[in-house]
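Enquirer: Numbering-wise (this note's numbering), the sequence shown opens with residue 1 and increments by one.
These aren't lab readings, by the way, just hints derived from the structure by calculation. Treat the hints loosely; a few may be bogus.
Below are the DMTMM-like pairs computed for lysine to aspartate or glutamate, each with C-alpha atoms no more than 20 Å apart in a straight line [what the hints assert, rightly or not]:
{"no.": "1", "residue 1": "LYS14", "residue 2": "GLU26"}
{"no.": "2", "residue 1": "LYS30", "residue 2": "GLU129"}
{"no.": "3", "residue 1": "LYS82", "residue 2": "ASP107"}
{"no.": "4", "residue 1": "LYS14", "residue 2": "GLU49"}
{"no.": "5", "residue 1": "LYS82", "residue 2": "GLU16"}
{"no.": "6", "residue 1": "LYS100", "residue 2": "ASP119"}
{"no.": "7", "residue 1": "LYS82", "residue 2": "ASP60"}
{"no.": "8", "residue 1": "LYS30", "residue 2": "ASP19"}
{"no.": "9", "residue 1": "LYS79", "residue 2": "GLU49"}
{"no.": "10", "residue 1": "LYS82", "residue 2": "GLU49"}
{"no.": "11", "residue 1": "LYS82", "residue 2": "ASP119"}
{"no.": "12", "residue 1": "LYS14", "residue 2": "ASP107"}
{"no.": "13", "residue 1": "LYS100", "residue 2": "GLU120"}
{"no.": "14", "residue 1": "LYS82", "residue 2": "GLU129"}
{"no.": "15", "residue 1": "LYS14", "residue 2": "GLU120"}
{"no.": "16", "residue 1": "LYS100", "residue 2": "GLU49"}
{"no.": "17", "residue 1": "LYS100", "residue 2": "GLU46"}
{"no.": "18", "residue 1": "LYS30", "residue 2": "ASP18"}
{"no.": "19", "residue 1": "LYS79", "residue 2": "ASP107"}
{"no.": "20", "residue 1": "LYS22", "residue 2": "ASP91"}
Per label pair, the in silico range of CB-to-CB distance [to be verified]:
{"no.": "21", "residue 1": "LYS14", "residue 2": "GLU49", "range": "26 to 32 Å"}
{"no.": "22", "residue 1": "ASN80", "residue 2": "ASP119", "range": "29 to 35 Å"}
{"no.": "23", "residue 1": "ASN138", "residue 2": "ASP91", "range": "36 to 42 Å"}
{"no.": "24", "residue 1": "ALA139", "residue 2": "GLN15", "range": "34 to 40 Å"}
{"no.": "25", "residue 1": "PHE135", "residue 2": "PHE59", "range": "24 to 30 Å"}
{"no.": "26", "residue 1": "CYS98", "residue 2": "GLU49", "range": "33 to 39 Å"}
{"no.": "27", "residue 1": "PHE59", "residue 2": "GLN12", "range": "29 to 35 Å"}
{"no.": "28", "residue 1": "ASN29", "residue 2": "GLN140", "range": "16 to 22 Å"}
Even for Gly, the Cβ is constructed at its ideal location relative to N, Cα and C.
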Amino acid sequence: FRERLYGEFMNQEKQEIDDLVKIATELINKRTDDVFHTVGSATISESGEVFSGVNVGHFDGGPCAEITAISQAVSQGDKNLKLIVAVGNNDRGVISPCGKCRQILFDYFPNINVIVRRDEGLVEVCVKELLPDTFDWNAQ
């Protein structure tokens with residue numbers, strides 16, 4: 001898999017990315033006065049269905065936004081997610097998933113692509129690229 005810059009995407013792919021970023025941004029912006037919910041996430045399945053969620057801050061860590069979004073998908077029976085993004089509150093924009101989320105995404109959806117921000121802009125990368133030399137419990 002080769003990472004791709006936003007400018008390299010076809011119009012439909014750009015629209016998908018823009019839609020996911022917008023959904024996650026709108027979701028977290030609804031919670032601007034809330035210190036327990038600071039990240040929103042949106043994911044899209046192969047069938048085109050979108051699922052979203054926010055992190056649930058708690059003294060024990062709580063689930064991240066990406067986990068609540070994929071929980072929505074799995075709860076509704078969708079096991080074929082293809083793309084996910086996380087957006088920080090207070091206009092922080094697209095953020096990368098934490099290590100725990102990277103591992104969970106890899107474990108459940110090893111071919112999912114993740115939108116991250118790099119110096120050159122938004123980039124789509126496979127979760128495998130974000131977690132090199134990871135433990136693969138599916139292979140055990």
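Enquirer: Against each hint, give a clear statement of whether it holds in the structure.
Expert: Each hint, compared with the structure:
As the CA atoms of LYS14 and GLU26 are separated by approximately 18 Å, the hinted pair is consistent with the 20 Å bound. Between LYS30 and GLU129 the alpha-carbon distance is near 32 Å, which puts this suggested pair outside the 20 Å criterion. Annotation: proposed proximity of LYS82 to ASP107 holds, straight-line Cα distance about 14 Å (limit 20 Å). For a cut-off of 20 Å, the pair hint linking LYS14 to GLU49 stands: about 16 Å separates their Cα positions.
Distance restraint check for LYS82 and GLU16: the Cα-Cα separation of roughly 11 Å lies within the 20 Å cut-off, and the hinted pair is therefore satisfied. Distance check on the hinted pair: LYS100 and ASP119 sit about 24 Å apart at the alpha-carbon level, beyond 20 Å; violated. Straight-line distance between C-alpha atoms of LYS82 and ASP60 comes to about 29 Å, which puts the hinted pair past the 20 Å bound. With a C-alpha separation of about 17 Å, the suggested pairing of LYS30 with ASP19 holds against the 20 Å cut-off.
Note on LYS79 and GLU49: the hinted pairing holds, with a Cα-Cα distance of about 11 Å set against a maximum of 20 Å. Our distance criterion of 20 Å between C-alpha atoms is met by LYS82 and GLU49, whose separation comes to about 10 Å. Between the alpha carbons of LYS82 and ASP119 the distance comes to roughly 24 Å, so the proposed pair goes past 20 Å and is violated. The straight-line distance between the Cα atoms of LYS14 and ASP107 is roughly 26 Å, outside the 20 Å bound, and the hint therefore fails.
Restraint check for LYS100 and GLU120: not satisfied, since their Cα atoms lie roughly 25 Å apart, outside the 20 Å limit. As the CA atoms of LYS82 and GLU129 are separated by approximately 15 Å, the hinted pair is consistent with the 20 Å bound. Distance hint between LYS14 and GLU120 is fulfilled; the C-alpha atoms sit about 16 Å from each other, no more than 20 Å. With a C-alpha separation of about 24 Å, the suggested pairing of LYS100 with GLU49 is violated against the 20 Å cut-off.
Note on LYS100 and GLU46: the hinted pairing is violated, with a Cα-Cα distance of about 24 Å set against a maximum of 20 Å. Distance hint between LYS30 and ASP18 is fulfilled; the C-alpha atoms sit about 18 Å from each other, no more than 20 Å. Pair hint LYS79 plus ASP107 holds up; C-alpha atoms about 12 Å apart against a cutoff of 20 Å. As the CA atoms of LYS22 and ASP91 are separated by approximately 12 Å, the hinted pair is consistent with the 20 Å bound.
Checking the proposed 26 to 32 Å range against LYS14 and GLU49 shows it is violated: the Cβ atoms sit about 19 Å from each other. The beta-carbon spacing between ASN80 and ASP119, approximately 32 Å, falls within the hinted interval of 29 to 35 Å. A beta carbon spacing of about 38 Å between ASN138 and ASP91 agrees with the range 36 to 42 Å that was offered as a hint. Roughly 35 Å separates the CB atoms of ALA139 and GLN15, a value that falls within the hinted 34 to 40 Å.
For the hinted restraint 24 to 30 Å between PHE135 and PHE59, the CB-CB distance of approximately 27 Å keeps it satisfied. Distance hint check for CYS98 and GLU49: the Cβ-Cβ separation is about 25 Å, which falls outside the suggested range of 33 to 39 Å. Between PHE59 and GLN12 the beta carbons are some 43 Å apart, a value that contradicts the proposed interval 29 to 35 Å. Checked against the given bound of 16 to 22 Å, the beta carbons of ASN29 and GLN140, roughly 41 Å apart, lie outside it.
The structure fails to meet hints 2, 6, 7, 11, 12, 13, 16, 17, 21, 26, 27 and 28 from the earlier list, while all remaining hints are met.
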